[in-house]
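Protein chains in written order, with the working numbering: chain A, 1085 to 1466; chain B, 6 to 185.
Hints are computed from structural coordinates only; laboratory data are not their basis. There may be inaccurate statements among the hints.
Claimed, not checked - Sample of chain B residues at the chain A side, in silico, Cβ under 7 Å:
{"id": "1", "residue": "VAL39"}
{"id": "2", "residue": "PRO68"}
{"id": "3", "residue": "ALA154"}
{"id": "4", "residue": "ALA157"}
What the hints assert, rightly or not - Listing some non-contacts, in silico: residues in chain B with all C-beta distances to chain A over 12 Å:
{"id": "5", "residue": "MET6"}
{"id": "6", "residue": "ASN38"}
{"id": "7", "residue": "GLY51"}
{"id": "8", "residue": "THR80"}
{"id": "9", "residue": "PRO89"}
{"id": "10", "residue": "LYS92"}
{"id": "11", "residue": "THR102"}
{"id": "12", "residue": "GLU132"}
{"id": "13", "residue": "GLU145"}
{"id": "14", "residue": "PRO151"}
{"id": "15", "residue": "GLY166"}
{"id": "16", "residue": "THR167"}
{"id": "17", "residue": "GLU168"}
{"id": "18", "residue": "GLU169"}
{"id": "19", "residue": "LYS172"}
{"id": "20", "residue": "GLY184"}
Built from N, CA and C at the ideal position, the CB exists for glycine as well.
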Amino acid sequence: MAENKARLLQGNEAVVEGAIAAGLRFFAGYPITPSTEIAEQAAAKLPTVGGKFIQMEDEIASMAAVCGASLAGVKSMTATSGPGFSLKQENLGFAVKGEIPCVVVNVQRVGPSTGMPTSPAQGDVMQARWGSHGDHEIVALCPSSVEEAFRLTVEAFNIAEEYRTPVILLMDEVIGHLREKVVLPSKEELTIKHREKPSVPPEQYKPFAMDQGRIPGVPPLAAYGEGYRFHVTGLTHGEDGFPTNNPAIAEKQIKRINEKISSNRKALCKVERFFLNDAEVVVVAYGATARSARKAVKDAREQGIKAGLLRPITIWPFVEDALSEVKANLPKAVIVPEMNLGQLVLPVRRVMGDSVPVIQINKLAGQLIEPEEILSAIKEAV
Amino acid sequence: MRVELRLAGAGGQGLITAGIILAEACAKYTDLNVAQTQSYGPESRGGASRADVIISSNEIDYPEVKAPDVLVVMTQEAADKYIPGVKDGGTVIVDTTYVKQLPEAQSKGFKVIEFPISGKARELGREIVANIVALGLLTEATGIVPNDAVMAGVLNRVPKGTEELNKQAFAAGVEAAKGL
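Turn these sequences into a full structure, and let the hints steer you where they fit.
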């Protein structure tokens, strides 16, 4: 039989393919449904490319190992679901503070707590943003197809490397377990980015310099073992990495690690716009829910209703500008379907203010919102 | 064209594997789009298990099955649960080894194919290939994906050393569909 170029690939498998294409060479994890295939595939594939897979004793240790490996200069990732994501928060905060590039995949299932392991949810949107304590910025990306799971994993590594920051790939069980026909991009089609290495000799190296780096506020990162000895701590530190209680230095450093993300919002925030130009009703949906929204918008258009879809691909930082554009067109309503009690609807509502009514559709029990449910909300709104 | 297929039974019967094989054959050897999803409990054996496959000539937006055009049921529980949801005029393939009574089909004009799928697999040597017998039946009865494509898909996915048994199982399913 003649084979075509396409493959049948699962979302979770696509994450591993994307990660390895992006240069992943270290995975530490503690398998959990519905992310387990990511660990399985990483275990199978990493040894074949000279990488390492390690199953740790728990999620806390996994995240610590990922931080350590990344500081040794190796692109690193872990994958989990809600209960494990909770445990990873402490060291995720450490990665934010230590400015350690890494990728954390969260394939969301129904919570709270152990919830419904095999059923999809989008209940960790706010946890991704604020799960770790203290003022910090975070980058989170949200794929809505298998192919996009591949591409956004590559993107997650690129952002992690470029901005010296952890990046969350916020999946849901539907996309994690969905298998689709995909043609993956070739190596030549991909842009792979690497962290900036210091150009100064070890004795002059400041791992947390205020004013160095290709991207302002992102200092170059040496790898442990290359002769650059430096200190990494979760304590607030100065440019040399050693703890300080000096308020002036502390304020500057905390602002720097926040602003390196917030001031680059334009570059980081990606959306898909579908029939938005003349839309009288705009659906804002992400992840698997966006698939239903897309179908609902198509069906609405077939019935002569001017509906459109704004799909945040970047969940955090919030796609403020794209939403402001929607607001400027003064649609009759914005509809936000989510597999949670209403999380991303909060910043959407904040942007819309009193100008545009925001309608939410929420499902909690592990079922994907159906196109018909969104379509009837669209019809009601026009 | 959008065809929705569902294979339902108990965990351990290999129905998710069968769904993956069908979807993979479709992806690799046809021009059609395909999406495969599944539903299962936290247990690895026992409990309800379901594989869904959507085959479409268009982009597949909503990736889940709502009303299957084709349903394979391999337990009584699956038959009771899923037969009423089959699309009008759809096809229901029933493993009579385990399904003893069909629920009221509410005069929807289903085409019902009854065959002792698991019994046939046992006869061939191991009940574990019941999923491949079912796949043979499904492939031949629906004609959406060519038989040799699905057979190639079977050989891609089954463990080494079991190829011959799986070939026989697939052929037995195809034969059964032809004879009905």
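Verification of the supplied hints:
Proximity of VAL39 of chain B to chain A holds as hinted, the smallest CB-CB distance being about 5 Å (cut-off 7 Å). Here the hint on PRO68 of chain B is kept, as its CB sits about 6 Å from the closest CB of chain A, short of 7 Å. Given the 7 Å rule on beta carbons, the hint for ALA154 of chain B holds: about 6 Å separates it from the nearest Cβ of chain A. The interface hint given for ALA157 of chain B holds, since its Cβ lies 5 Å from the closest Cβ of chain A, which is under the 7 Å cut-off.
Once the 12 Å rule is applied to beta carbons, MET6 of chain B is consistent with being away from chain A; the minimum gap is 15 Å. At roughly 6 Å from the closest C-beta of chain A, the C-beta of ASN38 of chain B falls inside 12 Å, breaking its exclusion from the interface. Taking the minimum C-beta to C-beta distance to chain A, about 14 Å, the non-interface status of GLY51 of chain B holds against the 12 Å cut. For THR80 of chain B, the condition that its CB be more than 12 Å from all CB atoms of chain A holds, with the nearest at approximately 18 Å.
Taking the minimum C-beta to C-beta distance to chain A, about 18 Å, the non-interface status of PRO89 of chain B holds against the 12 Å cut. No beta-carbon of chain A comes within 12 Å of the beta-carbon of LYS92 of chain B; the shortest separation is about 16 Å. At the 12 Å boundary, the C-beta of THR102 of chain B stays outside the reach of chain A, the nearest C-beta of that chain being 27 Å off. For GLU132 of chain B, the shortest C-beta to C-beta distance to chain A comes to about 25 Å, beyond the 12 Å cut-off, and the non-interface label holds.
Distance check on GLU145 of chain B: its Cβ is at least 17 Å (rounded) from any Cβ of chain A, clearing the 12 Å threshold; non-interface status holds. With a least beta-carbon separation of about 8 Å from chain A, PRO151 of chain B fails to lie farther than 12 Å from that chain, contradicting its non-interface assignment. Remark: the non-interface label on GLY166 of chain B is consistent with the geometry, its nearest Cβ contact in chain A lying 20 Å away (cut-off 12 Å). Once the 12 Å rule is applied to beta carbons, THR167 of chain B is consistent with being away from chain A; the minimum gap is 20 Å.
GLU168 of chain B, annotated as away from the interface, keeps every beta carbon of chain A farther than 12 Å; the closest lies near 16 Å. The claim that GLU169 of chain B is not at the interface with chain A holds, since no C-beta of that chain comes within 12 Å of its own (minimum 19 Å). Every Cβ of chain A is farther than 12 Å from the Cβ of LYS172 of chain B; the closest lies at roughly 15 Å, confirming the non-interface assignment. Once the 12 Å rule is applied to beta carbons, GLY184 of chain B is consistent with being away from chain A; the minimum gap is 25 Å.
In this structure, the hints that do not hold are numbers 6, 14, in rising order.
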